[in-house]
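Engineer: Here is what each chain is made of, one letter per residue.
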Amino acid sequence: MAKIAVLDPRQWVSLHADYLYSYAVARLDDEEQARDLVQETFLAALERTGQFRGNSSERTWLTAILKHKIIDVYRKRNSGLANRGSLQQEVDRAPDQEFFEADNGHWKEAYAPQALGIESEDPLVNKELTGILQLCLKKLPALWFSVFTMKHMDEAATEMICDQLKLTQGNFWVIIHRAKLNLRACIQKAWM
Amino acid sequence: MGIIKKIQYNCREATYLIEKRQHVRLTIKERLHLVIHLSGCSVCRLFQRQSRMINRVVKRMFADAAADERKLDDDVKREMQDRINERL
Numbered sequence: 098m099a100k101i102a103v104l105d106p107r108q109w110v111s112l113h114a115d116y117l118y119s120y121a122v123a124r125l126d127d128e129e130q131a132r133d134l135v136q137e138t139f140l141a142a143l144e145r146t147g148q149f150r151g152n153s154s155e156r157t158w159l160t161a162i163l164k165h166k167i168i169d170v171y172r173k174r175n176s177g178l179a180n181r182g183s184l185q186q187e188v189d190r191a192p193d194q195e196f197f198e199a200d201n202g203h204w205k206e207a208y209a210p211q212a213l214g215i216e217s218e219d220p221l222v223n224k225e226l227t228g229i230l231q232l233c234l235k236k237l238p239a240l241w242f243s244v245f246t247m248k249h250m251d252e253a254a255t256e257m258i259c260d261q262l263k264l265t266q267g268n269f270w271v272i273i274h275r276a277k278l279n280l281r282a283c284i285q286k287a288w289m
Numbered sequence: 568m569g570i571i572k573k574i575q576y577n578c579r580e581a582t583y584l585i586e587k588r589q590h591v592r593l594t595i596k597e598r599l600h601l602v603i604h605l606s607g608c609s610v611c612r613l614f615q616r617q618s619r620m621i622n623r624v625v626k627r628m629f630a631d632a633a634a635d636e637r638k639l640d641d642d643v644k645r646e647m648q649d650r651i652n653e654r655l
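For the record, the sequence lines run as chains C and G. Numbered continuously in our numbering, the first sequence closes out at residue 289. Numbered continuously in our numbering, the second sequence closes out at residue 655.
If you're looking for bench data, these hints aren't it; they were derived computationally from the structure. Every value quoted in this text rests on a predicted model; they were computed, and no experiment measured them. Heads up, a few of these hints could be off.
Here are the computed lysine-lysine pairs in the DSS-like style, where the Cα-Cα straight-line distance is at most 30 angstroms [unchecked claim]:
no., chain 1, residue 1, chain 2, residue 2
1, G, Lys572, C, Lys205
2, C, Lys286, G, Lys626
3, C, Lys224, C, Lys286
4, G, Lys644, C, Lys166
5, C, Lys263, C, Lys224
6, G, Lys572, C, Lys224
7, G, Lys626, G, Lys638
8, G, Lys572, G, Lys587
9, C, Lys286, C, Lys166
10, G, Lys587, C, Lys286
11, C, Lys164, C, Lys224
12, C, Lys205, C, Lys173
13, C, Lys236, C, Lys173
14, C, Lys235, G, Lys573
15, C, Lys164, G, Lys644
16, G, Lys596, C, Lys166
17, G, Lys644, C, Lys173
18, C, Lys236, C, Lys205
19, G, Lys572, C, Lys236
20, C, Lys164, C, Lys236
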């Protein structure tokens with residue numbers, strides 16, 4: 098028989114606070130902000146306990162509320178880019194000119210990927226690589242970090258991300274592409 | 568420059584398609600473009616392997632972040648629970 102979940106706000110902090118906090122820190126890379134969001138999540142959840150249907154667990158429900166708050170933060174971090182002019186500028190700034198020849202799109206020799214010797218290795222066990230990747234992620238511009246994080250860590254739908262961050266699909270793929278070009282180059286630099 | 572030559576040279580477009588393909592299904596034209604390019608470009612084949620590896624590491628990194636929980640201070644937690652209780 099399916100178990101119907103019930104809410105027990107008196108247990109929320111002891112049962113879920115650490116989990117929600119870890120979830121938020123991973124996505125925001127800001128402990129203080131993460132702590133505030135966890136608190137806000139609990140308070141927001143209290144106000145809509147009537148919307149809880151019991152078909153998901155208490156934790157899943159709280160996490161969904163937190164996720165919306167994280168997206169709000171992303172949106173605020175990107176608000177400097179909110180007007181179309183500067184977003185278009187960001188997209189047009191073409192950091193990929195750095196990687197490719199302007200006329201034919203060929204790799205510039207200095208930026209062409211080089212074998213790192215870890216391509217076929219099981220990366221799941223590679224702690225050093227994870228550390229480098231974390232550092233490289235932090236170097237991405239805020240908008241790219243948001244898009245990349247939302248797409249990869251939550252497997253969020255492209256339409257949802259574009260809608261939330263007010264991006265066209267065209268801009269979305271350009272950002273995914275550039276974020277990866279930069280991440281890969283950063284890893285190569287640190288690895289070799 | 569002929570169209571095939573253009574595709575063979577265009578690593579910018581190829582890497583864009585490599586990224587896109589990891590999330591959505593490409594159109595026939597895009598797939599053709601990529602097949603032609605990758606058949607002759609070992610650098611972009613390497614890029615593709617590295618790109619996929621990065622995605623796997625990213626995915627794993629966040630699964631791990633969820634698994635080994637960070638802990639909030641007890642004081643912070645007490646305060647959080649107090650604020651909840653005030654509203655009950």
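Engineer: Which earlier hints turn out false for this structure, listed by number in ascending order?
Structural biologist: Violated hints (numbers, rising): 5, 6, 9, 12, 14, 16 and 19; every other hint is consistent with the structure.
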